[in-house]
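Protein chains in written order, with the working numbering: chain A, 1 to 216; chain B, 1 to 434.
Keep in mind that the hints are not guaranteed to be accurate.
[To be verified] Residues from chain B shown here face chain A by an in silico Cβ test under 8 angstroms; the list is partial:
| id | residue |
| --- | --- |
| 1 | Gly10 |
| 2 | Ala13 |
| 3 | Thr18 |
| 4 | Leu20 |
| 5 | Arg22 |
| 6 | Gly24 |
| 7 | Pro27 |
| 8 | Arg43 |
| 9 | Arg48 |
| 10 | Leu311 |
If you're looking for bench data, these hints aren't it; they were derived computationally from the structure. Note that CB positions come from ideal geometry on N, CA and C, so glycine has one too.
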Amino acid sequence: MAARECGDDTAARRSHLSLVVGRDRRSTTDADLARALVAREAWAITETWHRFAPMVLTMAERCLGSKPDAEDIAQEVFYRVFRKAKTLRNPDCLRSFIYSFAIRTLRTELRRRRLRSWLMFEPELPSDVATSTLDVEARDHLRRFYGLLDRLKPRDRLVFVLRRMESMTMEETAGHLDISVSTVKRSMARASNRLSRWIEADSGLAGLFDGERGER
Amino acid sequence: MTTTCDESRGSRALASLTELGRGGVQPLTPAELDQGLNALHARIATRRVRHRQMVRWSLVGAAVLLSTLVVFQFASLSRSYWSAAEPPALAYQIEGGNVLEGGYLRASGDGGIKLAFNEGSEFELTPGTRGRLRSVDEAGARVAIENGTAHFQVTHSSNRRWVVEVGPFLVAVKGTVFTVSWDQQRERFELSLQRGRVDVSGPISDGNLALRAGQRLVVDLAKGETRIIEGLPERALAEGAGGTDLPVATRSTSRASEAADEPSGPTPSASPSTSKGAKAKHERRWAEELASGNWDRILEDVERAGVGVTLSSASSEELFALADAARYRRRPELAHEALLAQRRRFPGSLRALFLLGRVEESRGGGIARAIAWYDQYLARAPAGAYAAEALGRKMTITSKAGGPAKARPIARGYLRRFPQGSYAASARAILRVP
Numbered sequence: 001m002a003a004r005e006c007g008d009d010t011a012a013r014r015s016h017l018s019l020v021v022g023r024d025r026r027s028t029t030d031a032d033l034a035r036a037l038v039a040r041e042a043w044a045i046t047e048t049w050h051r052f053a054p055m056v057l058t059m060a061e062r063c064l065g066s067k068p069d070a071e072d073i074a075q076e077v078f079y080r081v082f083r084k085a086k087t088l089r090n091p092d093c094l095r096s097f098i099y100s101f102a103i104r105t106l107r108t109e110l111r112r113r114r115l116r117s118w119l120m121f122e123p124e125l126p127s128d129v130a131t132s133t134l135d136v137e138a139r140d141h142l143r144r145f146y147g148l149l150d151r152l153k154p155r156d157r158l159v160f161v162l163r164r165m166e167s168m169t170m171e172e173t174a175g176h177l178d179i180s181v182s183t184v185k186r187s188m189a190r191a192s193n194r195l196s197r198w199i200e201a202d203s204g205l206a207g208l209f210d211g212e213r214g215e216r
Numbered sequence: 001m002t003t004t005c006d007e008s009r010g011s012r013a014l015a016s017l018t019e020l021g022r023g024g025v026q027p028l029t030p031a032e033l034d035q036g037l038n039a040l041h042a043r044i045a046t047r048r049v050r051h052r053q054m055v056r057w058s059l060v061g062a063a064v065l066l067s068t069l070v071v072f073q074f075a076s077l078s079r080s081y082w083s084a085a086e087p088p089a090l091a092y093q094i095e096g097g098n099v100l101e102g103g104y105l106r107a108s109g110d111g112g113i114k115l116a117f118n119e120g121s122e123f124e125l126t127p128g129t130r131g132r133l134r135s136v137d138e139a140g141a142r143v144a145i146e147n148g149t150a151h152f153q154v155t156h157s158s159n160r161r162w163v164v165e166v167g168p169f170l171v172a173v174k175g176t177v178f179t180v181s182w183d184q185q186r187e188r189f190e191l192s193l194q195r196g197r198v199d200v201s202g203p204i205s206d207g208n209l210a211l212r213a214g215q216r217l218v219v220d221l222a223k224g225e226t227r228i229i230e231g232l233p234e235r236a237l238a239e240g241a242g243g244t245d246l247p248v249a250t251r252s253t254s255r256a257s258e259a260a261d262e263p264s265g266p267t268p269s270a271s272p273s274t275s276k277g278a279k280a281k282h283e284r285r286w287a288e289e290l291a292s293g294n295w296d297r298i299l300e301d302v303e304r305a306g307v308g309v310t311l312s313s314a315s316s317e318e319l320f321a322l323a324d325a326a327r328y329r330r331r332p333e334l335a336h337e338a339l340l341a342q343r344r345r346f347p348g349s350l351r352a353l354f355l356l357g358r359v360e361e362s363r364g365g366g367i368a369r370a371i372a373w374y375d376q377y378l379a380r381a382p383a384g385a386y387a388a389e390a391l392g393r394k395m396t397i398t399s400k401a402g403g404p405a406k407a408r409p410i411a412r413g414y415l416r417r418f419p420q421g422s423y424a425a426s427a428r429a430i431l432r433v434p
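Please put together the full structure from these sequences, using the hints given.
Below, the structure is given as structure tokens:
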């Protein structure tokens, strides 16, 4: 078994068998993993998924508010990463390479949703808001909150999610979205103001937290 | 105050909801990760199959497109082949006479006889002219003028060839308009070319002469004289019909009028030379020699004085005469030198630009240079006397060198500017080629 794990990958590809990822693969550096991806090593797909899928899935779910949608986005992201691996110039930057694909895919998805909501003349509420750990009422609030996020422009929404939910700095957000820091600031201010206003206008959402604080 | 309070309520609620969204996402279990990986593998496999199918269908589409193109190309080629191989036979209509046995053209009245062909060509025999229609078929027509004057207007066609026998001379016709006469008694041949080109062969000094629009060829066999007279086609036509000869001085007149047509520049008389009287005499002599077909005498003069000396001291008219003599005597290098000297010393005269193009063509391999000269002429004299000819020549050599596709824009431009020009039929033919 050990011989198979450490064996020749080329031979493995020929026999159409994929290797079970061993400890040695887990300890592979990002740069080596990137090189393996470029060389289309079979194990590299598995390892890349295991290493980076949680990051992409979490961000996608925070951004979209739906686990199935997040999984769909993650698969699309990794499919594109494998296809475009050759375009990665610096293997040390694999993480940010995947992150940039994730953000690009999310932006496309948000634009598609916005277009669809315009065509359907009604906002599309997320069907499955996380999560099983929350009670029914909290899930309802979260669903309404994501309904408000859907009303934001895709870029404003991404800036808001990256800053507030992913805790990125202004510079990191600007770098990932390929925009200037001042644009990030403007987008952030616009998104926060609009969301605050909309929450305030929603008596259920605004009053809920007052009530919670009052109960405490 | 209320607004500030509302805003802070909204902000607080936003912070809480953001925290709820952020904290609500649970990390994936290993089973969920593996499930996601399997889904990813399935997606990769599906997309790969779809990609292969797309490639396959693209190839099929490309093959279908290619086959269609090949079929169309083949159909078009075979159509043009058959149309080229079997052009419709020429048919004609006679006015003012009839065709007798042996093709003899007999006028029924005093108004001459006219034949009009279905392809657009026509010719007319002036009253008293004797002629024969030797043959008419899909390859073209052959006409003989035994005595008298005839006016021809031949539509250019790459598939047909028109030949006119005029006494002992043979005129090979491309698309053109000309008047030709033969005086059997005086043994005098005369051809005035209004448009296009003709090749004349027969008992003339060089055996074969190519004439261009605006030239008049007069051959007096009794005197042993061959003269090419430039310009004045209308006048030549009017007088040619009467069989009278233009005085030699006509050449000087026509040259002077050409120089006046062109943009400013020093006139020949203003050229630096010896005395004005001697210069004018010399010019006249070369002009006479040229008009009389004594080209060798001009060349002998140049050899005697030295080419370099002549090129640096001759007047503008002399340089043109030398260039013409050198061209007629198949000495393109000398013609080239003379015209370059003309350009250098008399830059205002633009005719040399056009003639340089012609000389470059005859030198062989100088197509690009010829086009450059024509372009210069067209740029500086867009409405000049040689504009139509320069554009037509440019179109022709571009088509020969680079194929009809490259010549198409020029052909369009030519037809726009000179729809009735002598190269119009060629331009249309170029535009018709697929």
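Here is how each hint holds up against the structure:
no. : hint   : verdict
1   : Gly10  : 3 angstroms, holds
2   : Ala13  : 5 angstroms, holds
3   : Thr18  : 5 angstroms, holds
4   : Leu20  : 6 angstroms, holds
5   : Arg22  : 4 angstroms, holds
6   : Gly24  : 4 angstroms, holds
7   : Pro27  : 6 angstroms, holds
8   : Arg43  : 5 angstroms, holds
9   : Arg48  : 10 angstroms, violated
10  : Leu311 : 65 angstroms, violated
In summary, the numbered hints that this structure violates are 9, 10.
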